[in-house]
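Asks: Line by line, the protein sequences give chains G and U.
For the first sequence, the residue numbers in the working numbering are 1 to 158.
For the second sequence, the residue numbers in the working numbering are 1 to 158.
When chains are identical, the list treats them as one kind, so a pair holds in a single copy or across two.
Straight-line alpha carbon distances no greater than 20 angstroms define the calculated EDC-like cross-link-like pairs of lysine to aspartate or glutamate that follow:
(1) K86 <-> D116
(2) K113 <-> E125
(3) K21 <-> D69
(4) K113 <-> D124
(5) K56 <-> E6
(6) K73 <-> E132
(7) K52 <-> E72
(8) K113 <-> D102
If you're looking for bench data, these hints aren't it; they were derived computationally from the structure.
Owing to the predicted nature of the structure, the values given are computational and were not obtained by experimental measurement.
Number of protein chains: 2
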Amino acid sequence: MFLSREAEYAIQALLRLTLHKDEHYVSIKTLAKELNISEYYLSKILQKLVKKNILKSHKGPKGGIAFFDSPEKISMLDIVVAIDGKEIFEGCVLGLYRCESDDPCSLHERWLKLRDQIQQMFSDESLAQLGENPELIRRSQKFINIKQKASKSKNKIS
Amino acid sequence: MFLSREAEYAIQALLRLTLHKDEHYVSIKTLAKELNISEYYLSKILQKLVKKNILKSHKGPKGGIAFFDSPEKISMLDIVVAIDGKEIFEGCVLGLYRCESDDPCSLHERWLKLRDQIQQMFSDESLAQLGENPELIRRSQKFINIKQKASKSKNKIS
DNA sequence: TATAAATTTTATAAATTTATCTGATACTCT
DNA sequence: AGAGTATCAGATAAATTTATAAAATTTATA
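Full structure from sequences and hints, please.
Replies: Quick look at the structure:
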C-alpha cells in the first residue's frame with residue numbers, strides 16, 4: 001500500500017463530494033455513511049484538508065464541507081501530500097543511511113526516477129478527471145467492508 | 001516508505017552478511033550489534049528468510065546463519081517478497097474497490113506500469129551487486145539510531 | 001433567544017507494526 | 001555426560017496507525 005489508509009479515504013471522500021455538485025455544503029455525516037466509515041474518523045481526516053485549503057467548512061445547520069477550489073484545480077498530489085506529507089517521496093528505498101549523498105546505493109538512480117514518475121502521475125491527475133467515472137466511485141464504498149472483515153479474520157486465523 | 005521496516009532490516013542484515021564472506025556461519029548477535037538493533041528482533045526477521053530458503057541456520061557453538069545460495073543468486077525481490085509478501089505489488093493505488101476489473105480508475109494503467117518497473121528494479125538487482133559498495137553498508141548502521149531518535153522526539157514534541 | 005445541526009477538539013479504544021524477553025531445543029566441545 | 005552457545009518459538013511490551021466516542025463550539029432558523 002503506497003498511500004496510507006487516511007490518504008485513501010480522503011481521496012474517496014473527495015471523489016464522493018464531486019458527485020454532490022449542486023449542493024452548497026455537504027455534511028461529513030452524509031459522506032461517512034456513503035463511504036461506510038466512522039463519521040468522526042472522516043471528520044478528522046477532512047479537517048486536514050480544510051487546514052490545507054483544499055476544502056472549506058461551515059458549522060451549524062446547512063453546514064458541512066465544500067471544495068475550496070474547483071476539482072479541476074485539485075491534483076491527486078495535493079491530496080496525498082496534505083495527508084501523508086511529502087516524506088513518502090523522499091529517502092533511500094532500502095532505508096540505507098546517507099544513501100542520498102555522493103555515494104548512493106546501486107538502486108538509487110533508478111528508484112529516484114520511478115518515484116518522480118509516481119509523483120508526476122499524481123500531479124498530472126486532477127480530482128475532476130478521476131471523478132469522470134461515477135460508477136467506480138459508487139462501487140468503492142463496499143471496499144471498506146471487505147478490508148475490515150479481512151483484517152478481522154486475519155487476526156483470528158493467524 | 002515503500003518497504004516495511006522489517007524488509008529494510010532484512011536487506012541491511014543480508015548486506016552485512018556479505019561482508020563476512022569467509023566465515024561459515026555468522027551469529028545473529030554479531031549482525032545485530034553491527035546494525036545496532038535488537039538481537040531478538042533480528043532473529044525473528046531472519047527466521048522468515050530461513051523458512052524461505054534464502055538463509056540456512058545452525059544451532060549451537062559455531063552456529064549462526066549463512067546464505068543458502070550465493071548472494072549472486074539472491075535478488076532484492078526475493079528478500080522483499082519473503083518479508084512483505086507480494087501484496088505490496090497488488091491492488092489499486094487509491095484503494096478503490098474493484099478497480100482492477102474491466103472498469104478501472106484513470107490512474108490504473110499508469111500505476112500498473114510503474115509498479116511493474118519497481119518490481120523489475122528489485123528483481124534485476126542481486127544482493128551481490130548491492131554489496132559491491134561495502135562503505136555504504138558500513139555507514140548504514142547509524143541510520144537506525146537516527147530513526148529511533150527521530151520517532152522518539154516526534155512523540156515528545158507533537 | 002432557544003434549539004437543533006453541524007464542525008472542531010480532545011479523549012479513548014482497537015488493531016497493527018515494531019521491538020524485546022523468556023524458555024525450550026539443538027549443537028559443539030571438552 | 002555436562003557446560004556453554006546459539007537458534008527457535010511463543011509470549012509480552014511499546015509505539016504507531018486506524019477508528020470511535022464524547023464534549024465543546026459555532027451557526028441557522030423558528
